[in-house]
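K.L.:
Produce the complete structure using the sequences and hints provided.
There are 2 protein chains.
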Amino acid sequence: MSLQRLTALRALMAGHPTALAAYIIPTADAHNSEYISPADARREWISGFTGSAGTAVVTANKALVWTDGRYYTQFEKEADLAMWTLMKQSLPETPTMEKWLTSNLIAGSVVGVDPHTMTREEWTPLQTALSKAKMQLVAVESNLVDKARISLDDPPPKRPQNDIIHLPLEYTGKTAGEKIHDLRVGMLEKKASALVITALDEVAYTLNLRGSDIRYNPVFFSYLLLTPDTVTLFWSGGRIPDDIERNLSDEGVKIVGRPYDDVIGGLSNLARELSNMGDGEHSVWISNEASEAVHRAVSGEGVLKNPLNLISEVSPVALAKLVKNDVELEGFRKCHIRDGTAVCRFFRWLHQEVDSGNKITEVEAAERLLEFRKDEKDFMGPSFETISGAGENGAVIHYTPSSDSPRIITADDVYLLDSGGQYKDGTTDITRTRHMSEPTDLQKETFTRVLKGQIAIGAALYPVGVKGNVLDSLARKYLWDVGLDYAHGTGHGVGHFLNVHEGPSGISWRPYPHDPGLKMGQILSNEPGYYRVGEFGIRIEDLVETISVTNDTTHPRAKDLLGDYNGRGVLGFNTITLVPNQRKFIKTELLDDFELKYINSYHKRVLDTLGPILKNRGLMEDYAWLEKECSPLM
Amino acid sequence: MSLQRLTALRALMAGHPTALAAYIIPTADAHNSEYISPADARREWISGFTGSAGTAVVTANKALVWTDGRYYTQFEKEADLAMWTLMKQSLPETPTMEKWLTSNLIAGSVVGVDPHTMTREEWTPLQTALSKAKMQLVAVESNLVDKARISLDDPPPKRPQNDIIHLPLEYTGKTAGEKIHDLRVGMLEKKASALVITALDEVAYTLNLRGSDIRYNPVFFSYLLLTPDTVTLFWSGGRIPDDIERNLSDEGVKIVGRPYDDVIGGLSNLARELSNMGDGEHSVWISNEASEAVHRAVSGEGVLKNPLNLISEVSPVALAKLVKNDVELEGFRKCHIRDGTAVCRFFRWLHQEVDSGNKITEVEAAERLLEFRKDEKDFMGPSFETISGAGENGAVIHYTPSSDSPRIITADDVYLLDSGGQYKDGTTDITRTRHMSEPTDLQKETFTRVLKGQIAIGAALYPVGVKGNVLDSLARKYLWDVGLDYAHGTGHGVGHFLNVHEGPSGISWRPYPHDPGLKMGQILSNEPGYYRVGEFGIRIEDLVETISVTNDTTHPRAKDLLGDYNGRGVLGFNTITLVPNQRKFIKTELLDDFELKYINSYHKRVLDTLGPILKNRGLMEDYAWLEKECSPLM
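Read top to bottom, the protein sequences are chains A and B.
According to my numbering, the first sequence is numbered sequentially starting from 907.
According to my numbering, the second sequence is numbered sequentially starting from 907.
Keep in mind that a hint or two might mislead.
The list makes no distinction among identical chains, and a pair is therefore deemed to hold if it is satisfied within one copy or across any two copies.
[As the list claims (entries may be wrong)] Result set (DSS-like, lysine-lysine): computed pairs, CA atoms no more than 30 Å apart in a straight line:
id, residue 1, residue 2
1, K1097, K1160
2, K1005, K1425
3, K1330, K1053
4, K1425, K994
5, K1005, K1493
6, K1211, K1038
The hints are simulated quantities; they were obtained by calculation from the structure and are not laboratory data.
Model, not experiment: these values are computed from the prediction.
P.N.:
Structure (structure tokens):
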């Protein structure tokens, strides 16, 4: 099947007006979304590889996918390795796609890509590199994978246009009117005549609206265009429903709806209008993560004699929503109490089932977990596809259990559960790893080293404004000390009832290029791990909020502070995830006093917070389980 | 005086054919040297600020210097603050020079700079940013500061052209012929018709020659041009002396000497010749750290119709000399034994003098240290200006003691000594901080936290190929834990009987942009610190070599290894500096068992290595002191 698809694509490449020596298929949709709609799953269709990140390149006789360490194992399971080559992009010896193209194609080659699926930030350096090597990067307006699908009678699914909902002020803490006011103040400072918002979560955040066009991500296909006096939403639904219009009006926003597919034409018109005003030069502010296609349209490139000036940089909406307001933070803390309750109930249930010899598959476990979450107030659905991996499957970093090859969770298994919920007041993302009976010594040792790294981040203090990457090795140290490591970052940002992966900050050995430096009020994950391919996987993940720390703060290091980094200010984390780690997985002799106290104090907080809720609901078996799990380690 | 100089410069700026709204004065000479000859000390002359790093910008009514945290205190002491503004470039709130220029000058402004004093890597983004803001960056061929000096009858000193020496194979481990052969293999792979080497230490390394044109740096003013069959040295001495020619010939190199000032003409001619050969396109390989002026000359920009293609990237010589060969490494280890002997003898002497109530100044201490080093074989001079700082002066990170304001080292002082030697077999750089009587509790606490960070680096294990920046926070952690930090990086590369600061690797919170990833055989410093302005400064600095670690290696973590990072390989450090840290400065209750064992084992190694040497020389008082200093901590 993969060969047939490749052959169809190659025929289109050869038939392109400028015959294409290579065609690039990024994962991204037109909004640079990390998770995409089936309508945009082009790389998946052509390669068979379903991971959330990766870029395919097809030439006349090669087909390759660049992806990162989370997906090496998965790629080798999913792709047809007779046709497809894995390029391990985390490894220093792997050539970049750019390097590969310039070394493997001959001078004069033309490389094609759909300009909607590549950001300008990616486009420009690639174009420069290819041009240096006497090659050409061309924008192929109609997507060739979509065309290949049609040619094989397997057209891409229709783009969704589901209903949108308004999220009231009690959840968002800030009206859409205030948010747009702040953006317009920024436009004045930048002397920008318009601001184009292209990322789906940024549109949703700005308007205090949510949708369901992409699974797990409460967003809707749209672009938002702000001028000093207009707000235009290019939306798959077209006209704005009356109730939404009323809600926005109550929040001080008068909005105009236009069809989603009008966006390129609409932006081109804007460029022409601004250019024709004859009152001097106009600039448009746009995210550097907007697509090459949008950049071209809104600057009037190739249409206007003097294209408009673009201020293309990290989106101001990305920088605004990165720092959560007090209402959002309080929502995050509250939904983590409810989410923790559900996850604890699930684990109590799972242990009971496995102990009783019942045959629970990974998929059934994930389904049951969903039921527990559904019991909780304001639950809107999972925040990503549940990773429910027993034994060797736990070593697949982004594993998805399948009903086609059911795997029963046995008493001999290490079981890794990475899951999360969307709640109206926040988003959760938690991983716990539990042994279903007795962990081996190696499992205990590696679990404890992962935990030590997780505590090192959870208890870290650091100066205001440092970038998240400087924290990464604190989490790896205890694994590095014995020659072990994990092939993924340590933490990512999390949106507020929005995408579970949110930029531009994060904690990784690889610096996040647009991290503005850590500030109070951010939400990040803290998730070191260890994976033994074919045997077991361990990951421990909490969400944490960045807090300011002085001698009076509730923080394990607050009392010891001797300074505030010469006035820069001290940041630390407050862990908001509330589920105990398995006591018998922890090798206490590897912990120092600080770490032991830290765990016991965390477990006490979990019990003190969740215990009364379980009791109030009469869930006495769950309470008894939690009490045992939270009892102090010595 | 500063006003008169600024006025002279401003007159020249105004009189420039395109009147200059701003003139930039980088620290660098034409070779992007970090330490420069007085002939090139233009920023120092105009601003009064003598630090080793910083860039001055002069406009009609402003004068600013951007410099980093090492120099904040020094700048405020040296520059006339009525005229000069300090821009603290390590702080996130400080605008970059580029940002400052584009926000403070009006559209249409022309900014000038001497293209010899700016690398193309700096030039291009600055030019782009200015051009976006409708400003222009112009190359001012004659340096305006030099002209201002002449106009004030204070001409710049003559460029030195001291003798050069040949460093025999027993020190270098690799002939110049082999080094050039390797570079030519690289040229073939890159399809480069020529390679231009512009950094002074790279020329010295390639030819196994050393000079003394820049104080503390055994280099000589020169450029090296390689083609497949010629080796041309543009050297301030012009014709190559017969003995050097013979030495090089013995190492398989036939070299042609040409005058230093011919380089721009020579490179332009090369460009013309290659372009006229009519056998297709030619490329020239050049370091991205070569000056804008050299880039222009060798590409034939503005002269040839089709300028040559430049392969401008990290210099292959920089990448080659980064990894020391076995002879160089053995030399490093050996000279550190001799250097350690000298430093121990110095501290024994200093304590005796201070204890006896003798009034020793910081300058006298530095002079006496030099005498002890002169007793050691193959000592060629200090590797940088000795930082000999008592009390409050220790808090000035790159302090230079002065005879004009002598400071006596008293029994109440913390005394910081950062010094190093050039030896024919290697370069040393060591800092020790000692209290002259009894440290306070805060001093002990901060010293011990610095030491814990230093041990964390010294004992770290990490995967082959990670960049040095990922290690930085391991050193800061124990200070960060209590709200303290230091405003400099944790480690820099060190040349082999070459520059004491050597790129492109290093350990800092700010990633080294061209760090190729750590490999076995590098030499780095490990030097966390803590500074309390007006009170005292603490720094502990060792040099370490990167070593491969398996279960059989002599390394404190070797036995515990459970893996090799999935085949990537394990790196660690071997500390080669051999001088004890002051026992009474260490608060043992802050150390864990591993750290205590680590220090005791290091001190035992110091005593076992240096003790017999002192005894053999009959230096029994020194031996007794060392034995006491190295006795185990409990």
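K.L.:
When no copy is specified for K1330 and K1053, does a C-alpha distance of 30 Å or less occur within a copy, between copies, both, or neither?
P.N.:
neither (39 Å within a copy, 68 Å between copies)
K.L.:
How would you label the pair K1211, K1038 (within, between, both, or neither) given a Cα cut-off of 30 Å?
P.N.:
Both ways: K1211 and K1038 sit 26 Å apart in one copy and 18 Å across, limit 30 Å.
K.L.:
Quick one: K1425 to K994, C-alpha cut-off 30 Å, is that within a copy, between copies, both, or neither?
P.N.:
Answer is between; shortest inter-copy Cα gap is 20 Å, intra-copy 33 Å.
K.L.:
Is it within a copy, between copies, both, or neither that the alpha carbon of K1097 lies no farther than 30 Å from that of K1160?
P.N.:
Result: close within a single copy only, 23 Å intra versus 61 Å inter.
K.L.:
Can you tell me if K1005 and K1493 fall within 30 Å by alpha carbon in one copy, between copies, both or neither?
P.N.:
neither (46 Å within a copy, 52 Å between copies)
K.L.:
Which holds for K1005 with K1425 at a C-alpha limit of 30 Å: within a copy, between copies, both or neither?
P.N.:
Cα proximity of K1005 and K1425: across copies only (22 Å, versus 36 Å in one copy).
Violated hints, listed in ascending order, are 3 and 5; each of the other numbered hints is respected by the structure.
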